[in-house]
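Chemist: Here the protein sequences come in this chain order: A and B.
Numbered by numbering that gives the first Met the number 0, the letters in the first sequence go through residues 0 to 323 in order.
Numbered by numbering that gives the first Met the number 0, the letters in the second sequence go through residues 0 to 169 in order.
Worth flagging that the hints you see were computed from the coordinates, not collected in a lab.
Every value quoted in this text rests on a predicted model; they were computed, and no experiment measured them.
Even glycine gets a Cβ: it sits at the ideal position worked out from N, Cα and C.
Just a sample of chain A residues kept apart from chain B, beta carbon distances all over 10 Å, derived:
#1 V20
#2 N40
#3 S42
#4 I129
#5 F135
#6 P142
#7 L159
#8 Y167
#9 V169
#10 N232
#11 S233
#12 E241
#13 S289
#14 V298
Listed next, with one range per pair, are the computed distances between beta-carbon atoms:
#15 A/A125 to B/I114: 47 to 53 Å
#16 A/F165 to B/L36: 24 to 30 Å
#17 A/S311 to B/E44: 30 to 36 Å
#18 A/G87 to B/F12: 54 to 60 Å
#19 B/E148 to A/R116: 44 to 50 Å
#20 A/G160 to B/K26: 40 to 46 Å
#21 B/I114 to A/G296: 51 to 57 Å
#22 B/A111 to A/A204: 28 to 34 Å
#23 B/E44 to A/P35: 47 to 53 Å
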Amino acid sequence: MERVSRFFRSTVAGPLVAFLVVAASVSLATPRFLQPQNLSNVSLQVATVAVVSIGATLVILTGGIDLSPGSTVALVTCTLAILVKNKGLPLPVGILLVLLLGVACGFVNGFFSTYGRIPSFIVTLATMSIYRGLAFLITKGTPIFSVSPALEPLFYGKLLGIPLPFYYVVILYALGSLFLRNTVQGRAIYAVGGNESAARLTGIAVNRSKLLAFVVAGLTAAIGGVLLTAWLNSGSPNYGAELGLQSIAAAVIGGASLVGGYGSMIATLVGALTVAVVQNGLNLLAVPASWQEITLGIVIVAAVGLDMWKSSIGRAFSKLFRQT
Amino acid sequence: MVPENRKADGCFFNFEGPKNITISRLKELLQGPFLSLLKEREFGELFLKRMNIPATALERSVQYLSGGNQQKVILARWLFSRARILIMDEPTQGIDIGAKLEVYHVINELTASGISIILISSDFPELLAMSDRVAVVRDGKILHITESEQMTEYQLIGMASGAGTSDEIE
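Looking at chain A on its own, in the form it has when it is part of the complex (with noise of 0.2 Å):
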């Protein structure tokens, strides 16, 4: 028995048990979720997803929120096919410089949410109007389509038989998880989120952990962006709209704690694996897009409720099992 309540209180068999019950209720709901043609949608749909959830992972475990993610992928999607197709830029250059605009973006986030003193809420906030409006203002509120025949095989292309968003999902996850356990900067920042004023008197530098927080965030964003318009093969100032809020569900149903200093890379790949399929379930039952908003919505109430009542469920738990 103290072995089942154990696995009640690690950390990433929440996020497992839920997942697991999403995708078998979804797949009960429509015998189309288990066919291969889907499931190698979905694996190609929360490609981006997970990659723009790393970068909001960090920051909620600084005890930051990131609400822009969304605009920088809408803003680099319309840079780099700007970029490619208007200026003739070669496409490596291109992504290139896009990725310095994410870490740009970041760094303009975590600035003023560190040494600026601004609340990362306000500041992501506001570059989460700002960042979408300079994509509006550089496309003139036009998308831009087929920006270049050398982007799609970036997406659809396959390796072994495998499609190889799956291998920069997986690569860019190991890279995540080696930096946030095996690092000093990673540790720092668990420990910024855990308890600033500690971390503070042991001598992390607080705001320099929190800014290489937004910064990492920002270049996950752009890499979210890139893959984007591969997927699409273009760019528009209306993309990524959804994907600010899906990046901090994934973090959330994963069991990051939005007070900080609780959370790790592979859960957020299961949360971010929920997201996608409780977005593809809504898809398959043909769920209008009102209802898919709303369904993400009260996800993350219900995540964020039960990482903050999970210790009061934890314990009644235990109670449970050691009267039996």
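Here the structure of chain A is known, so what remains is to put chain B in place on it, guided by the hints.
Modeler: Same frame as chain A, now just chain B:
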């Protein structure tokens, strides 16, 4: 720095015991560019045993430890840090007698190994027993510095509370 308020400024409740200790000198764990979690565990076991902290702290958050044991974890952190001067702000506040005694042992062990400690305390017998020298601070100023052997508890109380100036006592 051992802060007065260990819950607010000392412990990382999202960390288990070993992580709470090694945070002060993560460099020690580096193997190439990466932290060795194996080494961390070894150090954790070593220090938990040395400080007589329950081994459950190896795998569980320090939030499940008693106040005294939490304080010992923080002391272990600074033992691990190899700092040369430590500032301890009320290190025995709100912990039980047994743990207090252990904290005193650790302080003696630290000073014996050549580390200087600035002990801030409002427990006068503790100050007199633990210190080489005592500085009385009142209203943000150092009033008086004496060898602790030359001072009695009454003199100390008198000076600290402002019942008399240091001249009168002498």
